[in-house]
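Peer 1: Heads up: the protein sequence lines correspond to chains H and G, in order. So for the first sequence, the working numbering puts the first residue at 1; every next one is plus one. So for the second sequence, the working numbering puts the first residue at 1; every next one is plus one.
The set of hints was computed from the structure by calculation and includes no laboratory data. All residues carry an ideal CB built from backbone N, CA and C; glycine is no exception. Careful: at least some of the hints might be erroneous.
[To be verified] The list that follows gives simulated cross-link-like pairs (lysine-lysine, DSS-like), each with its CA atoms no further than 30 Å apart: (1) G:K69 to H:K52; (2) G:K107 to H:K44; (3) G:K42 to G:K69; (4) G:K78 to H:K52; (5) G:K59 to G:K110; (6) H:K44 to G:K58; (7) H:K52 to G:K58; (8) G:K42 to G:K59.
[What the hints assert, rightly or not] Which stretches of chain G does chain H cover? Using the computed rule of at least three CB atoms under 8 Å from a CB of chain H, they are: (9) 29–39; (10) 42–50; (11) 102–113.
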Amino acid sequence: DAMVIQNPRYQVTQFGKPVTLSCSQTLNHNVMYWYQQKSSQAPKLLFHYYDKDFNNEADTPDNFQSRRPNTSFCFLDIRSPGLGDAAMYLCATGTVRGQPQHFGDGTRLSIL
Amino acid sequence: ILNVEQSPQSLHVQEGDSTNFTCSFPSSNFYALHWYRWETAKSPEALFVMTLNGDEKKKGRISATLNTKEGYSYLYIKGSQPEDSATYLCAARGYSGAGSYQLTFGKGTKLSVIP
Chain H
1 DAMVIQNPRY
11 QVTQFGKPVT
21 LSCSQTLNHN
31 VMYWYQQKSS
41 QAPKLLFHYY
51 DKDFNNEADT
61 PDNFQSRRPN
71 TSFCFLDIRS
81 PGLGDAAMYL
91 CATGTVRGQP
101 QHFGDGTRLS
111 IL
Chain G
1 ILNVEQSPQS
11 LHVQEGDSTN
21 FTCSFPSSNF
31 YALHWYRWET
41 AKSPEALFVM
51 TLNGDEKKKG
61 RISATLNTKE
71 GYSYLYIKGS
81 QPEDSATYLC
91 AARGYSGAGS
101 YQLTFGKGTK
111 LSVIP
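Using the sequences and the accompanying hints, generate a full structural model.
Peer 2: Below, the structure written as structure tokens:
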């Protein structure tokens, strides 16, 4: 089945230690999104790629960066994680035609 | 950036009860409304995408309506079952010209169905 796969499901890192979350898709969608969801909050869009074009949300901290080396893969890099970055990180794919987004299972990030 | 509100934040219903919850969004600059079901430890699953005022969509026991003039959507679940327990997220897509395909999510309504 075509899917969106996120690895790992759970990630524990130390305060200030860089961490990378990964997402892959077999849907061949143009657009890949990264969302951050904190407890009882709405999923918040961090940034998205439309093909190779990177689109950062205005309020996404500089600490968060992303790479999309090809259509299938997208990475979220957190350069110096703080305690406030502990959250669920969701990757999603989509098209510009308005179809529903397809989500991965998420990576739950904990900061020690 | 749209402001999307969902209510209630959570609710508990008995198995067999029907229930509904609300998503509200700005009626100006509206393009589409998405509903997702998010079960614990799984990925959010798309339920409906609606764009036109008066749209009604149905999937099994779940249905949704859309009022773009007043800026709200209702999600209905008929005869709730324990497997319906999940967080139901709505998300609005605004219109900002060609290539507008970003969603703004609400906080969700967490539904617990008690056997």
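Peer 1: Next pair to validate is G:K107 with H:K44; report whether the Cα-Cα distance is within 30 Å.
Peer 2: The hint holds at about 10 Å.
Peer 1: Does G:K42 pair with G:K69 here, judged by a C-alpha cut-off of 30 Å?
Peer 2: Violated - the C-alpha atoms of G:K69 and G:K42 are around 34 Å apart, more than 30 Å.
Peer 1: Regarding the pair G:K42 and G:K59, is the alpha-carbon distance no greater than 30 Å?
Peer 2: Holds, at about 19 Å.
Peer 1: For the pair supplied as a hint, G:K78 and H:K52, is the alpha-carbon distance within the 30 Å limit?
Peer 2: 43 Å, violated
Peer 1: Tell me if the straight-line CA distance from G:K69 to H:K52 falls inside 30 Å.
Peer 2: Not OK: G:K69 and H:K52 at ~36 Å, beyond 30 Å, violated.
Peer 1: Given the proposed pairing of G:K59 with G:K110, does the C-alpha separation stay at or below 30 Å?
Peer 2: Holds. G:K59 to G:K110 sits at ~19 Å (cutoff 30 Å).
Peer 1: Taking a Cβ-Cβ distance under 8 Å as contact, does the region 42–50 of chain G have three or more residues in contact with chain H?
Peer 2: holds (count 6)
Peer 1: Given the hinted pair H:K44 and G:K58, is their Cα-Cα distance within 30 Å?
Peer 2: Distance of about 27 Å is within 30 Å: holds.
Peer 1: Has the given pair, H:K52 with G:K58, been kept, meaning a C-alpha gap of at most 30 Å?
Peer 2: Distance ~36 Å between H:K52 and G:K58 Cα, so the pair is violated.
Peer 1: Are 3 or more residues of the region 29–39 of chain G near chain H, judged by a Cβ distance of less than 8 Å?
Peer 2: Per the Cβ count (4), the hint holds.
Peer 1: Counting residues of the region 102–113 of chain G with a beta carbon closer than 8 Å to any beta carbon of chain H, are there 3 or more?
Peer 2: holds (count 7)
In the structure shown, a violation is registered for the earlier hints numbered 1, 3, 4 and 7, in ascending order.
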